[in-house]
Amino acid sequence: MTREALRAAIDAALRSVAPESDPARLADDADLRETLDLDSMDFLSFVVALHRATGVDIPERDYARLATLEGAVQYLGPRVPSG
Amino acid sequence: MPSLGADMEAGTLVAWRKRPGERVTRGEIVAELDTDKGVIEVESFHDGVIETLLVAEGERVPVGTPLARIQAPGAPPPPGAPPPPGAAAPSVAGAPSVAGAPSPAAAPSAAAAPSAAAAPRSSPAARRLARELGVDLGAVRGTGPGGVITHDDVAAVRRDGAPGATPPAPARVPPAAPPPGASPTPGERMRRAIAAAMERSSREVPHYHVSLTIDARAATELVARENESRPIERRLVVGALLLRAVAAALRRFPEMNARWEDGRVVPAAEVHLGVAIALRDGGLLVPAIEHADRLGLDATMEALADLTRRARSGELRSGDLSRGTLTVTSLGERGVDAVAGLVYPPQVALVGFGRVAPRPWVDEAGGLCVRPVLTITLAADHRASDGHRGGLFLTEIARGLKQPETIR
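Line by line, the protein sequences are chains Y and D. Heads up, the first sequence is in this note's numbering, so the first residue is 1 and it goes up one at a time. Heads up, the second sequence is in this note's numbering, so the first residue is 84 and it goes up one at a time.
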């Protein structure tokens, strides 16, 4: 998955839990929970959406690594199953 | 016309989803209503066949007004003249919530997106269809009462033009549409509804507050342990366990799961736990988890996820918002240490949870340690219970959280 495709998947996952958000306007290093006012249920839904889009299994202890858009790209990129 | 809160006086019927002669089942959506709190779907509380629609689309009627008459399964054909209200087969859509269900906490959402202040006012069916078709609701002209965007309006855009395009002039004239700029935004209407409910609470309810701070390690560890071994889709949040603890404790404290009515406390027959869900642009929804005391932890988690999703997308139904028998609010994720709330009349109790944060703690052996600590508060109606019972209720909630295996 290219970086652009990954970023698009992340944006779509964010919009699925925060329909009013515009991820394209978010800074790469913005704290997602704080900026989009996501609670733990929203964040779990975000993680589920990412998992469904990328196939990456994300253990709870790694949630903090998805705190920003750039963090999510860096975390998911090497883990997306090839093919 | 169902009541969605103690402050609600009237509503406007936006659209019928069923016609006379059509069969309905309990829980099925029969109509859409525009209230001061938003546009919501109304479900039937009975099985049967729609016999008569008693309120026309666009008509504004007071709470308690029968909306339709439903003929019960197997009932004889109706006589020529409609029977009087309360006669055989009186299954009136929405009415049971007027008679039996306590009011919800606050205001249902009108808008699909929580950006209620700017979003067009639209029905849940319209929002669903717009999402399916990729139609921008901001470009759709509403033809429902007060300019509400209806399912048909969105369908017309799809039929008559490209998604997102402004549809042709509506066939129907919105009844009693307020002049441009005069009507409050959905966000303002929701704020007013919350204000009315809270004014009533503050004016009429003699509150007392008690709180209890506990070591929440057992609770957080159970959730972490479970999540370690579960697939992502089945993971838990701590909030589900908090709800589970309240629901389990309520079995022993019926006076907290009650309403104040005609000078006495009336325990509710069921435990329907209202869950306060804040909307990101302001406002609050309190849909209820039905029969929460009968649900295990997994089922509570599923119910919480479902309510949260539907609250965020504006798909709550009248029943979701009218059944709550006690409200739970959790503000810990916003950094709050403790919540001193107001009950939602005619409910008589509200349980608040602060954040789970690492704090210095003295353990059972008297040693100083660091533990995840949680403060639980109870706001209660002093007419219905006393601080002594309130304290025992909090202790029972705490017991469940300290021994979470007993309530899961």
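Everything labelled a hint here was simulated from the structure, so no lab data went into it. Check the hints yourself; a few may be wrong.
[Stated by the list, open to error] So the derived label-pair ranges between C-beta atoms look like this:
{"#": "1", "chain 1": "Y", "residue 1": "Thr2", "chain 2": "D", "residue 2": "Glu447", "range": "51 to 57 Å"}
{"#": "2", "chain 1": "Y", "residue 1": "Val80", "chain 2": "D", "residue 2": "Arg109", "range": "42 to 48 Å"}
{"#": "3", "chain 1": "Y", "residue 1": "Thr2", "chain 2": "D", "residue 2": "Arg242", "range": "36 to 42 Å"}
[Stated by the list, open to error] Some chain D residues well away from chain Y (every beta-carbon gap over 12 Å; in silico):
{"#": "4", "residue": "Lys101"}
{"#": "5", "residue": "Glu111"}
{"#": "6", "residue": "Gly131"}
{"#": "7", "residue": "Trp343"}
{"#": "8", "residue": "Arg472"}
{"#": "9", "residue": "Thr489"}
[Stated by the list, open to error] One-sided excerpt, in silico: chain D residues whose CB lies under 10 Å from chain Y:
{"#": "10", "residue": "Val146"}
{"#": "11", "residue": "Thr296"}
{"#": "12", "residue": "Ser396"}
Nothing here was measured: the structure is a model prediction, and the numbers come from that model. Here a beta-carbon is modelled for each residue, glycine too, at the ideal position from N, C-alpha and C.
Interface hint outcome for D/Val146 [beta carbon to chain Y under 10 Å]: Violated. Min distance 31 Å.
May I ask you to check that D/Thr489 keeps its beta-carbon over 12 Å from the closest beta-carbon of chain Y? Check passes; 23 Å lies beyond 12 Å.
Take a look at whether the Cβ-Cβ distance between Y/Thr2 and D/Arg242 falls inside 36 to 42 Å. holds, 38 Å
Double-check D/Thr296 for me: the hint is only fine if its C-beta lies closer than 10 Å to a C-beta in chain Y. violated, 21 Å
Taking the least C-beta to C-beta distance, is D/Ser396 closer than 10 Å to chain Y? Holds: closest Cβ of chain Y sits about 7 Å from D/Ser396, inside 10 Å.
Are all C-beta atoms of chain Y more than 12 Å from that of D/Lys101? Non-interface label on D/Lys101 holds, nearest chain Y Cβ at 29 Å vs cutoff 12 Å.
Please check whether Y/Thr2 and D/Glu447 have a Cβ separation lying inside 51 to 57 Å. holds, 55 Å
Distance rule for D/Glu111, whose beta carbon must clear each one in chain Y by more than 12 Å: The assertion about D/Glu111 holds, with a minimum of 26 Å to chain Y.
Hey, is D/Arg472 genuinely clear of chain Y, shortest beta carbon separation above 12 Å? holds, 31 Å
Beyond 12 Å from chain Y, beta-carbon-wise, is D/Trp343? Correct as stated: the minimum Cβ-Cβ distance to chain Y is 31 Å, above 12 Å.
Take the C-beta atom of Y/Val80 and the C-beta atom of D/Arg109, compute their distance, and say whether it sits inside 42 to 48 Å. Holds, at about 45 Å.
If I take the minimum Cβ distance from D/Gly131 to any residue of chain Y, is it greater than 12 Å? holds, 36 Å
Violated hints, in rising order: 10 and 11; the structure is consistent with all others.
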